[in-house]
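Mind docking chain E on chain F? Use the hints.
Chains as they are written, first to last, in full-length UniProt numbering: chain F, 1 to 496; chain E, 1 to 333.
Don't read these hints as lab results, they were simulated from the structure.
Which bits of chain E does chain F cover? Going by a derived footprint, with three or more residues having C-beta under 8 Å, they are:
no., stretch
1, 2 to 13
2, 90 to 100
3, 109 to 117
Even glycine gets a Cβ: it sits at the ideal position worked out from N, Cα and C.
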Amino acid sequence: MRLAPYQSGESFDEMFAPDGHPRPSGEKFVERLQTLSEGSLQQRQKTADLSLQNMGITFNVYGHEAGTEKVWPFDLLPRIIDAHEWKMVESGLRQRIHALNLFVDDLYNDCKIIKDGKIPEELILSSKTLRSQCKGYHPPQGVWCHITGVDLIRDRDGQIYVLEDNLRCPSGVSYVLENRELMKRTFSHVFQGMSVAPIEDYPEQLLKTLLDCAPEGVTDPTAVVLTPGIYNSAYFEHTFLAQQMGVELVQGSDLVVENGYVHMKTTRGLRRVDVIYRRIDDDFIDPKCFRPDSALGVDHLMDVCRAGRVTLANAPGTGVADDKAVYAYVPDIIKYYLGEEIILPNVPTHLCSDEKQRNHVLGNLDKLVVKPTNESGGYGILMGPQSSQAERDKCADAIRANPREWIAQPMLNLSTVPTLVEDELKPRHVDLRPFVLCGKDIYVMPGGLTRVALKEGSMVVNSSQGGGSKDTWILRNGNSIPEPHISRAAWEDKNA
Amino acid sequence: MLSRVASSVYWLSRYVERAENVARFIDVNYNLTLGETDTLGNQWAPLIFTTGDQAIYEERYESFTRENVLKFLLFDEKNPNSILSCASFARENARTIREIIPSVVWEQLNQFFFMVRSAASLDATLDQPQEFCERVRLASHMLVGATDATMSHGEAWHFSRVGRMIERADKTSRIVDVQYYILLPDAHDVGSALDVVRWSALLQSASALAMYRRQYGKILPDHVADFLILDSRFPRSMHFCLAKAQQSLRSITGSTAGTFSNLTEQRIGLLCSNMDYTSVENIIQQGLHQYIDGFQKQLNLVGEAIQDDFFTSKQSPQTQTQTRQTASQTQTS
Numbered sequence: 001m002r003l004a005p006y007q008s009g010e011s012f013d014e015m016f017a018p019d020g021h022p023r024p025s026g027e028k029f030v031e032r033l034q035t036l037s038e039g040s041l042q043q044r045q046k047t048a049d050l051s052l053q054n055m056g057i058t059f060n061v062y063g064h065e066a067g068t069e070k071v072w073p074f075d076l077l078p079r080i081i082d083a084h085e086w087k088m089v090e091s092g093l094r095q096r097i098h099a100l101n102l103f104v105d106d107l108y109n110d111c112k113i114i115k116d117g118k119i120p121e122e123l124i125l126s127s128k129t130l131r132s133q134c135k136g137y138h139p140p141q142g143v144w145c146h147i148t149g150v151d152l153i154r155d156r157d158g159q160i161y162v163l164e165d166n167l168r169c170p171s172g173v174s175y176v177l178e179n180r181e182l183m184k185r186t187f188s189h190v191f192q193g194m195s196v197a198p199i200e201d202y203p204e205q206l207l208k209t210l211l212d213c214a215p216e217g218v219t220d221p222t223a224v225v226l227t228p229g230i231y232n233s234a235y236f237e238h239t240f241l242a243q244q245m246g247v248e249l250v251q252g253s254d255l256v257v258e259n260g261y262v263h264m265k266t267t268r269g270l271r272r273v274d275v276i277y278r279r280i281d282d283d284f285i286d287p288k289c290f291r292p293d294s295a296l297g298v299d300h301l302m303d304v305c306r307a308g309r310v311t312l313a314n315a316p317g318t319g320v321a322d323d324k325a326v327y328a329y330v331p332d333i334i335k336y337y338l339g340e341e342i343i344l345p346n347v348p349t350h351l352c353s354d355e356k357q358r359n360h361v362l363g364n365l366d367k368l369v370v371k372p373t374n375e376s377g378g379y380g381i382l383m384g385p386q387s388s389q390a391e392r393d394k395c396a397d398a399i400r401a402n403p404r405e406w407i408a409q410p411m412l413n414l415s416t417v418p419t420l421v422e423d424e425l426k427p428r429h430v431d432l433r434p435f436v437l438c439g440k441d442i443y444v445m446p447g448g449l450t451r452v453a454l455k456e457g458s459m460v461v462n463s464s465q466g467g468g469s470k471d472t473w474i475l476r477n478g479n480s481i482p483e484p485h486i487s488r489a490a491w492e493d494k495n496a
Numbered sequence: 001m002l003s004r005v006a007s008s009v010y011w012l013s014r015y016v017e018r019a020e021n022v023a024r025f026i027d028v029n030y031n032l033t034l035g036e037t038d039t040l041g042n043q044w045a046p047l048i049f050t051t052g053d054q055a056i057y058e059e060r061y062e063s064f065t066r067e068n069v070l071k072f073l074l075f076d077e078k079n080p081n082s083i084l085s086c087a088s089f090a091r092e093n094a095r096t097i098r099e100i101i102p103s104v105v106w107e108q109l110n111q112f113f114f115m116v117r118s119a120a121s122l123d124a125t126l127d128q129p130q131e132f133c134e135r136v137r138l139a140s141h142m143l144v145g146a147t148d149a150t151m152s153h154g155e156a157w158h159f160s161r162v163g164r165m166i167e168r169a170d171k172t173s174r175i176v177d178v179q180y181y182i183l184l185p186d187a188h189d190v191g192s193a194l195d196v197v198r199w200s201a202l203l204q205s206a207s208a209l210a211m212y213r214r215q216y217g218k219i220l221p222d223h224v225a226d227f228l229i230l231d232s233r234f235p236r237s238m239h240f241c242l243a244k245a246q247q248s249l250r251s252i253t254g255s256t257a258g259t260f261s262n263l264t265e266q267r268i269g270l271l272c273s274n275m276d277y278t279s280v281e282n283i284i285q286q287g288l289h290q291y292i293d294g295f296q297k298q299l300n301l302v303g304e305a306i307q308d309d310f311f312t313s314k315q316s317p318q319t320q321t322q323t324r325q326t327a328s329q330t331q332t333s
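Looking at chain F on its own, in the form it has when it is part of the complex (with noise of 0.2 Å):
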């Protein structure tokens, strides 16, 4: 087929260089792109599409009643990565996930960072994410953030950046998996012998990562996936983590505690769980500790946790380092810690909580991106730029009446990835969620979720905003190689 109309736009496209020729690590697939005859690449997306339906992979949208579940959008054209690069961005994220484990670790115990006058007290302090309830609690292995999903953009400048973590309960591993698969079975030719990383091993690091995080002592722990239920928006990802790892799916009815443990309530009786990979929020999992109106968690669970009976993951209170205004500390946080410089920058943070940055933010709206501290999901985002007066007024009286609540970046432009659009490529701006594990080891998924913003000129990638997503490659070319799992006391030395 033909790809001379590609153009790219004022974005960094990952796929061509601005001379329209494909860049050293798209040029092997653009290759293959070409032989393929006029249609079809359009077939393929078009089988693809069947498939999604059939196999039934989906999300859920809140806030509409009927047909609640969607399709999962999926473009066949990968985001290519080159390993020379993805070295760099695999052990940024081995930093930043092993300093942010030390930092949620102290906030609960020492608070030495906060002694050493490195983060001021009342940032903290001020957080929703801060759960006192787990003053002192001591997780196996001294892991909080077991699992992670960090979001990455490329400026304009080619540069990588952090732009959040998340800490809670990252979703998207699932269709990540499923875009492989689906990529492998529609579009074999073109993907066979192109050296991409293979990512089909996640479940089994999951599922090692839970276990290895078992309360002391268990010989043969019990691991199970808990799931507020097929009403919440990432049921399948849920669905799809337990079977592959060979777990129970379990709703909080099905759990109770009993004699100091957590049980399963199954056709034969109780039976002891051990790890808890829970994909309900904090403030849901146990109504006796945290919100009693909750109708999802299971009373007790978090005195079991406490008594180290139960391990939990992420573990209660992780949510607190994914504040966005901690997260303008995080390079801070990791100097602190590890002595280090960070690798991979974030983008530069202005907190409305500070009088100046405040004012500086008030004075540009304009211009900025302001984001509230503790929203997921794309949600009360006012994009600078393309805001309205209107919008901007209301935005800076919300920011004047609780400035803790907000920060404020600067716009970047997101890269973009060549996209089919209505039979034709065109460039979309995409991000990009690589998965991190944090057990004995740290595993970082080489590649992860690329969401794509499929209208014309739009930043915002969220599934439930519109988007859709892509697979990525991590290419093994050269002498570079991925190199996903190292031991976490291996990389303590190393780094000592």
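Just chain E now, kept in the frame of chain F:
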């Protein structure tokens, strides 16, 4: 396995089997009514009586016309036992336990649901329901086949078989009961030529004609009843279904033959041994309809015992999901 999951597997296969049997009901009635004179040609009401949904039907429709009855049985969302409702409940149950179902089974079920839903919006389906009914039967067979061929024959599989067998036993009993309304409106008709046509249609609706022929050759009402009620090798006979359900329950509990460890096993054991030692002569003597009525009542008691022995958690349902599910399930028994 989790009680909630066991319950979902069980109901999933009951709903699929139920959809298949509604399709069979419609098919047999079509076979019977096509080419008949007006009196017999308008026998659509018995279909509603035999499925046991008369009350809901009468709330919604004024008369038993062919179109109304078909609409009600095929696509009425307010009828919890319509094919569309069954397909949708089956999928909903499957969605809550997707992690334990082989992906090929889930995909089949998913396609089944989409097929039914898209057919529901077509006038042609009401006009010519046979082809649609055929597709529903095939989809059910595919699901049973895929489940048997890809799912470990462990506890979940056994619960799924119990569900399917109990549903099938119930529906075969209702198919046989159709004759109470249609085939023997008058005792004088027994043995007439017309009778053979109707009895073969009955057999056909249970996909039993060829197997019956090999067993008995000529069509005689007593033999047909014997075959559909008591045959121990024909997979849609009431006796066969009950024996398999009992076998699966034993695999689940580990009880040996001749013993019981809970109410479910006691009730199904009593029912099975009665079938083991009765004869079609006994049945006809006490009255076919009376016998089937008694059978259905006891089968319902078995279903209730299964609910209590295996599925009921000590706490009351807490989530929206559970309440919804329970509601859709209790409407059935």
